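**Q** Which chain is which? The protein sequence lines are A and B, in order.
According to the numbering used here, the first sequence is numbered sequentially starting from 47.
According to the numbering used here, the second sequence is numbered sequentially starting from 10.
Careful, some of the hints might be misleading.
Listed next, the in silico BS3-like pairs over lysine-lysine satisfying Cα-Cα at most 25 Å (straight line) [claimed, not checked]:
(1) K242(A) with K123(A)
(2) K115(A) with K111(B)
(3) K123(A) with K162(A)
(4) K123(A) with K90(A)
(5) K115(A) with K54(A)
(6) K115(A) with K247(A)
(7) K115(A) with K93(B)
(8) K111(B) with K123(A)
(9) K93(B) with K111(B)
Partial pick of chain B residues on the chain A-facing surface, computed with a CB cut under 7 Å [claimed, not checked]:
(10) R27
(11) G69
(12) Y71
(13) K111
(14) G123
(15) E134
(16) E136
Keep in mind that the hints were calculated from the coordinates and are not lab data.
This structure is a prediction, so every number in the text was calculated from the model and none was measured.
Where is the CB? At the ideal position from N, CA and C, for every residue including glycine.
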Amino acid sequence: MTHFDASKELLEFIVDRVNIGVFILNQNHEVQLWNSFMASNSGKSAEEVVGQNLFQCFPDLPERWFARKVNSVFMLKNFAFTSWEQRAYLFPFRHNRPVTGGMDHMCQDMTLMPIKNADGEVESVCIVLFDSTDTAIYRNMHQAAMQKLEMASRVDGLTQLFNRAHWQSRLVEEFSRAGRYKHPMSLLLFDLDHFKSINDKYGHLGGDAVLVRVAQLVMESLRESDVAGRYGGEEFGIILPNTDGGGAMVVAERLRRSIESSPVPFENLTIAMSASIGVVEFCSDFTDAEHMISKADEALYRAKEMGRNRVVPAS
Amino acid sequence: MQEVVNVAMGQAGDSLARFLEVFIHLSVPRIRLVEREELNAELERMVGGQAVPVSGVSQGFYQLDSGTGIRGEAIVVFTDSSFKELADLLAYDDTLTTESEKELLLDVTNILNGACLNGVGEQIEAELGFSPPSIMGQHVPISQLLEYQQASWDHALLVEITYTLEDRSFSCTMFLLMPGESIQVVKQALDRLLEDL
């Protein structure tokens with residue numbers, strides 16, 4: 047502050063023209079200074095606003111919220127801050143990315159600074175308003191990209207069902223929920239019959255077509271809360287929350303029939319297929335989710351032994 | 010240093026009470042200088058264990074009109090259970106949404122830091138500026154809070170404060186991270202202060 051007087055005009059020029067909003071309020075919330083950025087964005091010139099109460103000039107402002115912020119600076123003699131992340135804007139200004147931005151108004155960050163007199167009392171509050179629209183846009187893009195990544199890390203690329211890692215973590219969650227709330231819960235584990243010979247006969251592309259089609263049939267037969275995943279090469283798992291063993295048998299049998307009656311078209315041919323399904327209902331004797339899977343696996347193994355294309359409940 | 014922070018925290022409690030319109034009692038802050046390696050274990054002990062979910066807010070501070078003055082980062086850690094107590098009393102709106110909870114975290118941190126550090130600044134005759142506070146993490150174990158912080162400091166001044174809000178108790182831990190040379194500046198300022206007395 048030492049060379050203030052020598053360059054007072056220069057400082058006034060900078061404050062007025064800098065591409066940031068600067069305004070000053072006194073204890074009664076009357077505007078003491080209103081720079082060009084504020085004037086051009088708000089449509090109200092300094093002549094119209096200076097000396098007037100801010101909230102009377104702009105009746106649509108969130109007065110209770112902003113007054114509290116301003117008053118805290120007077121009372122605590124301390125800086126205060128607002129962020130667009132909590133409240134997108136104070137003034138509904140337009141911004142400079144109207145086409146590509148996907149935002150209605152300029153996002154704003156503010157810093158509120160105490161202006162003290164010689165006795166150390168706060169006489170007025172200087173508010174600096176930053177345009178954070180670009181940051182907000184990048185943040186949104188970043189979040190969208192992160193969501194896609196998160197999805198990609200959960201999903202099996204070929205079938206678009208959950209991959210094994212994510213499916214298993216969901217199973218662990220549902221398993222502990224069933225134990226905690228004494229809700230029924232069941233698990234299907236199924237395997238495509240003679241998948242190796244399908245691969246041998248039609249090539250890997252044929253095998254892939256079969257896997258994709260089966261995944262579609264699985265998705266069509268499930269409820270919102272059911273969780274289907276690709277467990278291994280041609281092995282799939284389905285978690286059925288709030289479903290007892292009887293209900294799970296019905297779901298499994300419906301799925302088995304739908305797979306059996308949906309041959310897959312592939313290069314002028316059709317590939318017939320069937321599935322063997324093991325079904326297990328949650329039981330509090332199971333030590334953990336792995337235990338439940340091994341029970342389903344045993345049932346699946348017996349379904350294969352008994353001639354395939356059938357549903358077998360765990361013993 | 011203990012005395013300087015005691016006085017500063019008295020002012021902080023007074024400010025907080027006036028601003029929030031609740032009666033607040035502050036314990037005498039406990040202060041300690043810790044090394045980087047000890048910090049995590051020390052913080053875990055303070056909040057009551059590794060698994061206790063906490064929220065943390067960080068705010069930079071620096072001495073105005075001096076390029077070589079003190080600068081550092083003030084971090085305030087709230088345990089979830091105690092923050093809920095505070096939030097119940099102070100929510101800006103009737104219901105505490107995710108956004109208003111964040112705003113409350115930021116505001117309370119800013120008030121505590123401002124009051125405490127301005128008080129310290131006044132006593133060592135340094136005027137401080139602040140950067141906007143930012144949320145480091147919410148509802149995470151404390152080790153996760155500091156996981157991604159660049160370790161560009163060697164010592165931290167740990168300030169442990171407990172508030173009692175009427176019938177509720179609420180505690181938070183503030184720690185001031187300062188690079189070595191800043192601690193020197195504080196020490197010199199304190200020495201000058203003591204000589205003046």
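**Q** Given the proposed pairing of K123(A) with K90(A), does the C-alpha separation stay at or below 25 Å?
**A** Violated - the C-alpha atoms of K90(A) and K123(A) are around 29 Å apart, more than 25 Å.
**Q** Could you grab the alpha-carbon distance between K93(B) and K111(B) and see if it respects the 25 Å cut-off?
**A** Satisfied, since the Cα-Cα distance of roughly 12 Å is no more than 25 Å.
**Q** Go through the hint on E134(B) and say holds or violated, using the shortest Cβ distance to chain A against 7 Å.
**A** Interface hint status for E134(B): violated (13 Å vs cutoff 7 Å).
**Q** With a cut-off of 7 Å on the beta carbons, see whether K111(B) makes it to chain A.
**A** OK, holds: K111(B) within 7 Å of chain A, min 6 Å.
**Q** Given the proposed pairing of K115(A) with K93(B), does the C-alpha separation stay at or below 25 Å?
**A** holds (22 Å)
**Q** Is the hinted pair K115(A) and K247(A) satisfied, with a Cα-Cα distance of at most 25 Å?
**A** violated (73 Å)
**Q** Is the Cα-Cα distance between K115(A) and K54(A) 25 Å or less?
**A** The given pair, whose Cα atoms are some 29 Å apart, is violated under the 25 Å limit.
**Q** Would you mind confirming whether the straight-line C-alpha gap from K115(A) to K111(B) stays at or under 25 Å?
**A** Holds, at roughly 15 Å.
**Q** With a cut-off of 7 Å, does the beta carbon of G123(B) approach a beta carbon of chain A closely enough for the hint to hold?
**A** This hint holds: G123(B) lies near chain A, its Cβ roughly 3 Å from the closest one there, short of 7 Å.
**Q** Should the hint that Y71(B) touches chain A count as held when the rule is a Cβ pair under 7 Å?
**A** violated (12 Å)
**Q** Quick one, are K123(A) and K162(A) close enough, alpha carbons at most 25 Å?
**A** holds (8 Å)
**Q** Would you mind confirming whether the straight-line C-alpha gap from K242(A) to K123(A) stays at or under 25 Å?
**A** Not OK: K242(A) and K123(A) at ~76 Å, beyond 25 Å, violated.
Of the numbered hints stated above, those contradicted by the structure are hints 1, 4, 5, 6, 11, 12, 15, 16, listed in ascending order.
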